[in-house]
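Chemist: Using the numbering used here, read the sequence shown as starting at -18 and increasing by one per residue.
If you're looking for bench data, these hints aren't it; they were derived computationally from the structure.
Check each hint, because a few of them may be wrong.
Okay, derived cross-link-like pairs now, BS3-like style, lysine-lysine, Cα gap no bigger than 30 Å in a straight line [unchecked claim]:
no., residue 1, residue 2
1, K485, K272
2, K488, K318
3, K318, K272
4, K486, K318
5, K224, K615
6, K488, K376
7, K376, K486
8, K376, K272
9, K224, K272
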Amino acid sequence: MNRFDRRRATRPVALHRLVLALTGAFPLAAIAQQNNDNIAVLPPIVVTANPLGSDLLDLVSPTSVLAGKELFRRRASTLGETLNGLPGVASSDFGPNASRPVIRGLDENRIRLLQNGVGTLDVSALSPDHAVPVDPLVVDRIEVVRGAAALMYGGSAVGGVVNSIDSRVPTAAIEGLTGRAEARLGGAAIERSGAVVLEGGDGRVALHVDGYRRITDDLSIPGYARSARLRGQSPQDEEARDKLPNSDSTSNGGAAGASVTLDHGYAGVSYSGFNTDYGTVAEEDVRIRMKSNRWDFASEFSDLGSAISKVRVRAAYTDYQHREIEDGEVGTIFNNKGWEASLEATHGAIGPLMGVVGLQLARSDFNALGDEALLPDVRTRSQAGYVYEEMPVGKLKLTFGGRVENVDIDSAGGGPEDLNVPGTSRFGDPQRRSFTPTSGALGGLYDLGRGFSAGANLSHTERAPTYNELFSNGPHVATSQYEVGDPDLSRERSNGVDAQLRWKKDKHSASVSAYYTRFANYIALYNTGNTRGSDGELNPVDVNGDGIADASGADILPEAQQRGVRARFAGLEAQGTYRAYEGRHGVVDLQAMADYIRASNVDTGQPLPRISPMHLGVGADYGFGRWGASVDIKYGAAQRRVAANELPTDDYTVVNAVFSYALPVHGATLSAFLKLNNLFDAEVREHSSVLKDIAPQGGRSAMLGIQGTF
């Protein structure tokens, strides 16, 4: 039975309950308990990790999947906040409205963000105040692959891949009409949000429509916005407290899609829009208005023959823009238009080998307009080919493959006059940099018996520097620095090893992972010790010491230079689930997790900036009939090992709880839920955040909601 047949087989069975399970409002354990004879339980294949659709690479590489009740429990207003707390995953946390995942201490250009397998094509990696144009309200499933995933996604995935999956392009036949709707009220930002998803079809043509809206107020916080350490260094007469200024937001969006489904495949297209208006937190008079319009195409056909058994095509085009509004006036405009496409072909068995050959193409055209534009107009083009193979050898199963890529980055040059070199422009002459990154990986999984298995993955990864690392030259208000790129940067190269021990027996499971990655040319911003005026003047005179250049009146900022250094990352991750009780009074599952990372500059021995401390977590889930409840406790250790010019952070303990109740009503199901966050009002400052000393996370709050499915 192929993947499409399996999906058809499970769809008619208690449809409203299955949809409800996928949206997370009804405990999966309770559903399984009530319908053991009817529901076909499928293995949780991580499609982001493995193009063959097997679970082998899922076992070799550390993976996490958020779906159903787990996604429901974690769903937040941003992607980073939703994933924060998974093993090895933190958040860039630029206030409540802009947050990217940080995986194993790596972020920005080393984490690949995907939407249904294709890049988000935004500029969120350019600056931590730029939001990711994905709203978790309409996402069905999020897959996280930690470690080197460069085989299919390139060097920009050396830290990991996050794939947000929705059904905007339907992938299986639908008969009749199904849907879900959700409304939420409350939380630390007094969120008012709602989403509607409708799907219908006649067994051949499948249609999808969704829409959502979210409004939030300024975030409630426990105490002062600025940390005690920062207040001690620079006391102020008036301190913001209890509320985080300029942290409110308004967001809305939606999509429409359609597919033609056949016996062994589908082909479809969708259009989606994302709009948001939010405060940047770092500055009380600056807001960002962002919009992203996106077209997606997806197709997959299987059972094609012995030579090529399956072909998959995915493509997306995005027109992205955001405007930074200062005191009601447009200051800087960022535009990015781009497309990305991939073609994968699964070949038939070649002896013991099963594998995939893939081709990826991408292009983006970026420009920034305004007085504070720190980049020239840039065009980036890339072409890549890769191969991935699996081979069983007795109890040992091997995975291996490689990727070759060509990247061309063209700068248009120009810009305002460079005050340090009169008669020249800040961005210099037009220029092109070309790179040919190559990556490879070898992994293996060995069955130790009695539910134990051991896996390991060796990888070599190369990444071309991005346009901002090469060509930036200007003030960056979000990070309070004057950023200077280096057009002579070479490829970022790393070698890594990742080892895992896993155990599974009945409803119990556990895993422990250890990893070590060494970079020969880790590219990052480093403080040079110089200062710049916001107009570009080097080391301007400031006799009064007020941060304003005496001659020009420009703001004075520390200068930060992009450069490559030798670096190493090492860490441990562990997680486990234990079925503590299953009987007439319901089901109880216990969970635990832990992670730790250490990252250093090899040449100096100094720690790298914004590295998360150790995290520990425990939780319990209870399901009984229509009732569900869960509680989780997360401990974040203090981070005292900090980079130069970086303040330490204190430890914290956060307790959250969720309660839910599901009620069938005339062929539909209504579910009410109550989420209690940060019950003891702990002050949480994530060390991975640029704004950790001026923007803590939300305080104690409660959120009510209702879901309906039919």
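Chemist: Does each hint hold? Answer for all of them.
Modeler: Taking the hints in turn, this is what the structure says about them:
no., hint, verdict
1, K485 - K272, "45 Å, violated"
2, K488 - K318, "47 Å, violated"
3, K318 - K272, "12 Å, holds"
4, K486 - K318, "49 Å, violated"
5, K224 - K615, "23 Å, holds"
6, K488 - K376, "23 Å, holds"
7, K376 - K486, "18 Å, holds"
8, K376 - K272, "51 Å, violated"
9, K224 - K272, "27 Å, holds"
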